[in-house]
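Trainee: Sequence:
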Amino acid sequence: MFCSEKKLLEVERKVKANDREYNEKFQYADNRIHTSKYNILTFLPINLFEQFQRVANAYFLFLLILQLIPEISSLTWFTTIVPLVLVITMTAVKDATDDCFRHKSDNQVNNRQSEVLIDGKLQNEKWMNVKVGDIIKLENNQFVAADLLLLSSSEPHGLCYIETAELDGETNLKVRHALAVTSELGADISRLAKFDGPDTKLMQNSGKTKFKRTSIDRLMNTLVLWIFGFLVCLGIILAIGNSIWEKQVGDQFRSFLFWKEGEKNSVFSGFLTFWSYIIILNTVVPISLYVSVEVIRLGHSYFINWDRKMYYSGKATPAEARTTTLNEELGQIEYVFSDKTGTLTQNIMTFKKCSINGRIYGEVQDDLGQKTDITKKKEPVDFSVNSQAERTFQFFDHNLMEAIKLGDPKVHEFLRLLALCHTVMSEENSAGQLIYQVQSPDEGALVTAARNFGFTFKSRTPETITIEELGTLVTYQLLAFLDFNNIRKRMSVIVRNPKGQIKLYSKGADTILFEKLHPSNEDLLTLTSDHLSEFAGEGLRTLAIAYRDLDDKYFKEWHKMLEDANTATDERDERIAGLYEEIERDLMLLGATAVEDKLQEGVIETVTSLSLANIKIWVLTGDKQETAINIGYACNMLTDDMNDVFIIAGNTAAEVREELRKAKENLFGQNRSFSNGRVVFEKKQQLELASVVEETITGDYALVINGHSLAHALESDVKNDLLELACMCKTVVCCRVTPLQKAQVVELVKKYRNAVTLAIGDGANDVSMIKCAHIGVGISGQEGLQAVLASDYSFAQFRYLQRLLLVHGRWSYFRMCKFLCYFFYKNFAFTLVHFWFGFFCGFSAQTVYDQWFITLFNIVYTSLPVLAMGIFDQDVNDQNSMDYPQLYQPGQLNLLFNKRKFLICMAHGIYTSLALFFIPYGAFYNAAGEDGQHLADYQSFAVTMATSLVIVVSVQIALDTSYWTVVNHVFIWGSIATYFSILFTMHSNGIFAIFPNQFPFVGNARHSLTQKCIWLVILLTTVASVMPVVAFRFLKVDLFPTLSDQLRQRQKAQKKARPLHSRRPQTRRSSSRRSGYAFAHQEGYGELITSGKNMRAKNLPPTSGLEKTLYNSTSWIENLCKKTTDTVSSFSQDKTVKL
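Numbering (the numbering used here), first residue to last: 2 to 1140.
Derived by calculation from the structure, the hints in this document are not laboratory data. Here the structure is a predicted model, which means the values were calculated and not measured. All C-beta atoms in this analysis are idealised placements derived from N, C-alpha and C, irrespective of residue type, glycine included. Keep in mind that a hint or two might mislead.
[Stated by the list, open to error] DSBU-like mimics (lysine-lysine), calculated; alpha carbons at most 30 Å apart, straight line:
no. : residue 1 : residue 2
1   : 105       : 95
2   : 557       : 504
3   : 38        : 17
4   : 411       : 310
5   : 490       : 663
6   : 95        : 248
[Stated by the list, open to error] The calculated label-pair distances, taken between Cβ atoms and stated as ranges, are:
no. : residue 1 : residue 2 : range
7   : 428       : 512       : 47 to 57 Å
8   : 900       : 926       : 45 to 55 Å
9   : 395       : 140       : 49 to 59 Å
10  : 411       : 557       : 35 to 45 Å
11  : 700       : 557       : 53 to 63 Å
12  : 250       : 926       : 32 to 42 Å
13  : 700       : 41        : 57 to 67 Å
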């Protein structure tokens, strides 16, 4: 959104709480959200300005002005003004309709209710009426539509947990602290509005709404200029001819026309004739072209909206084309820029496997002990005897439960660690059910898994952690919390168990934790490493699990040093980190966990299919590098078979430049001379060279770059190297990027690669790149509507992108190109006969056809058949389009309609116009009809040519149509029937009697079309016009068939649909181990927990941690042993409520 210069320079903001009169002096923005383009006052001027940016509309306005001059107009003015007003009106109505939907979406947000403190009382107020400085009361799970300052909270110590899914798709809970001076104001969450409407971070990051136009629109603008230049040349030729004719021939019979001698100047006559022919020949680009284009695009948009295969029944969400002007661009996408969280993934973590003491749990084996896939028939582990179990959790390996029943100490210790080493907070809902509030979904998955296997985390205080171990409550004394950060990549807790033993439990990245192991773990380390490689190869997020027994005396000494370090004033963080390193050593390895960051359904197949279509996918995410890389592997965008994965992580411009240089050396080899990055795309040859090099690169490469490195790489002296390297790679992953950087990356590719781009995301942090890309797609999920509101297309699942591009996009491009080729062809054939006729009518600007035929040709006789082809035609069906992604590549290469294709259509039209004019002319020359009368009158000649033209263009569109429907048949043959009906009506005695001046061709149709020789001429003209095309296409399909031709022949040969190929993704096995570590955790939660600020005051369990309280007289593990294995218990699905 636009902000004034004053607001852009604003460095501080003065606000008085609950004082609207004072705050209004500063003219802060209101809280109304605007994503629409127009309002009632601005619609007409802005929309007309946008429409007349089309060269064709300006061209027709110019022609209309010429037609109002009687001295040069051979056609009446209504032949131009009526179609022009029609197309402008239709386009305006369409744009207004699109914008009405935007207004409707804005109103849904603006009219949400809130409680605002006004005049000392809480009153309901719409969000759009909230002002800067208002005090607002928020309740649990309430929507927030402004930037707010937390004053107080019902949580202890003024804490509040927020979910930013609407902004970034993340469902992780973030902690916000109230101001110290206001934290005790009240129990309800109260906030002060600081920034409203366009000043909020969300709207500031949204970027400017741009007027998007397709590459075909831009090409048509160029072609209209070409055609206008061509018409000027034709007009000059005919004007010169008129001047010469007037000079040499016109004088001889001027006296018969009662003209005074010398009154008419030949040069002036040529000048007037020039403008007259410009008007006559303007039908090469009729205004009906743009009406037809809009109708076709509207039809394609409805096909997207109606596609049941893009309807997501889970949320009753259909696909929606939110714009109708970009459909054919969907068939030309070369780069897809995708968000990760909520777009590729569901941001739902699921505990899938684990390795404990050298044994994998979580795999399913058949009777022969061979690993098999999990099917619906496979029975999951029955957790019904565990009253604390999470109902939605499923695990299919019964061996782990058997190990628990047998009392395996390593398995028990493993699960105990998962229940103790975390930052999860617990609470009970109104039904008494245990609810976990998790800061990281990874931790939630691990704690939930331990809970289901009998080690349930129950509660915590700043000094204790209480868990239920197989039915027995056990309280551990929390002695120290060694928090996670991005450098340590691990977290640890030190606890004292009821037996008085001090234990250090640690979990973290395997590459880090394995360095801390005791030497006696060497054999187990090797085995666990293999398991981790297998887990990572399957795209699972992994953590290593280890523990250490601590001596009481040693711990006391260490803890004393930690207290001293915490109170130190110099190098405090370094001293604490050193002490953490000191105690986290000589660890004993327990095993590893494998959590699945659950991909959206069909993501792998979609990515694979788009890659086969030569579409490059770049992932732009705010997540950590490890998380993004693991998702890349899970989606098969990154594979272990790749030649190399380049990681750019420099902190300075020099480091980034050096890393890019080394990566290019590895990619291209040492013999190539590299640019030093100082030249910034000053020569077009650089792009051409890059394209040539891209074709010669062998092997698959990937590029991973961090946000801070990207900031340097986007500088003018480095981005040349960045773009060149990135475009050579099959996959690019940008991590830790800001919304602005997302848009900058998209703009970089748009500007310097001249490629069609698509951006897809689900959160408000994706809005800027969605607006920046040629095509913006919003995922309409649970993460909010901001991305959808800014998008051009929306649907509920990433997998629908495959169908949107490979089916609807390819069909739209294919249909639009065929439509344009045919439209230009028929109008050159229709119009250029006037040029040939000019040489036989004294260059007098007389038309060949009568004016009614000229008026009706494009809007009645030929409009519906070409619309039917443009809306319904398809070369292959939708299943073949999905199964053969290579069919998509002609659109990327712009092969179906370009300047060369236009010239071919133009040549085809010129040839047809020659046949249409000279074959009847030659046949009529000195010819007589069956009644002995001559045929060479102007009216008979006009009717013969007009009839030949309608039949020729109808036969041509029948040849062009690949997919026949009832609509095609009715429109094509019905248009011919309509022509003859109107022709005989206009040439009838009855219509002549009513309008003698408007219909002078009385009786001519009946007289001409009853002559056999006339029909022979029409037949000869049709054959001569069509046969070269038929012969060329037959030879082309027979000798040089395209993939589309081959599939079309196969479709015709097969009466039954070809069976679908199964695209089951195969499990990858890594040849070399890599870390699958990814942990969506933030630093600082350990300190928050040990401080106790996030915990409510209540009856706490004993803090000594030495008691062991019996929870039930009979533990649930005993019940499990008694329970038969074939018992199946069904549970209702519980839904976790998030604060």
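Trainee: Determine for every hint whether it applies to the structure shown.
Mentor: Tested hints:
A C-alpha spacing of about 15 Å is found between residue 105 and residue 95, which places the hinted pair at or below 30 Å, so the restraint holds. Under the criterion of a C-alpha separation no larger than 30 Å, the hint pairing residue 557 with residue 504 is consistent with the structure, at around 13 Å. Taking the CA atoms of residue 38 and residue 17, the gap is near 33 Å; set against the 30 Å cutoff, the hint is violated. In summary, the hint linking residue 411 to residue 310 is not supported, as the alpha carbons are separated by about 49 Å, beyond the 30 Å threshold.
Restraint check for residue 490 and residue 663: satisfied, since their Cα atoms lie roughly 27 Å apart, inside the 30 Å limit. Taking the CA atoms of residue 95 and residue 248, the gap is near 53 Å; set against the 30 Å cutoff, the hint is violated. Separated by about 35 Å at the C-beta atoms, residue 428 and residue 512 break the suggested range of 47 to 57 Å. The beta-carbon spacing between residue 900 and residue 926, approximately 38 Å, falls outside the hinted interval of 45 to 55 Å.
A beta carbon spacing of about 34 Å between residue 395 and residue 140 contradicts the range 49 to 59 Å that was offered as a hint. Hint check: residue 411 to residue 557, Cβ distance near 28 Å, so the stated range 35 to 45 Å is violated. Checked against the given bound of 53 to 63 Å, the beta carbons of residue 700 and residue 557, roughly 58 Å apart, stay inside it. In this structure, residue 250 and residue 926 break the distance hint of 32 to 42 Å, their C-beta atoms being roughly 20 Å apart.
Range check, residue 700 to residue 41: Cβ separation about 58 Å, and the 57 to 67 Å hint holds.
In summary, the numbered hints that this structure violates are 3, 4, 6, 7, 8, 9, 10 and 12.
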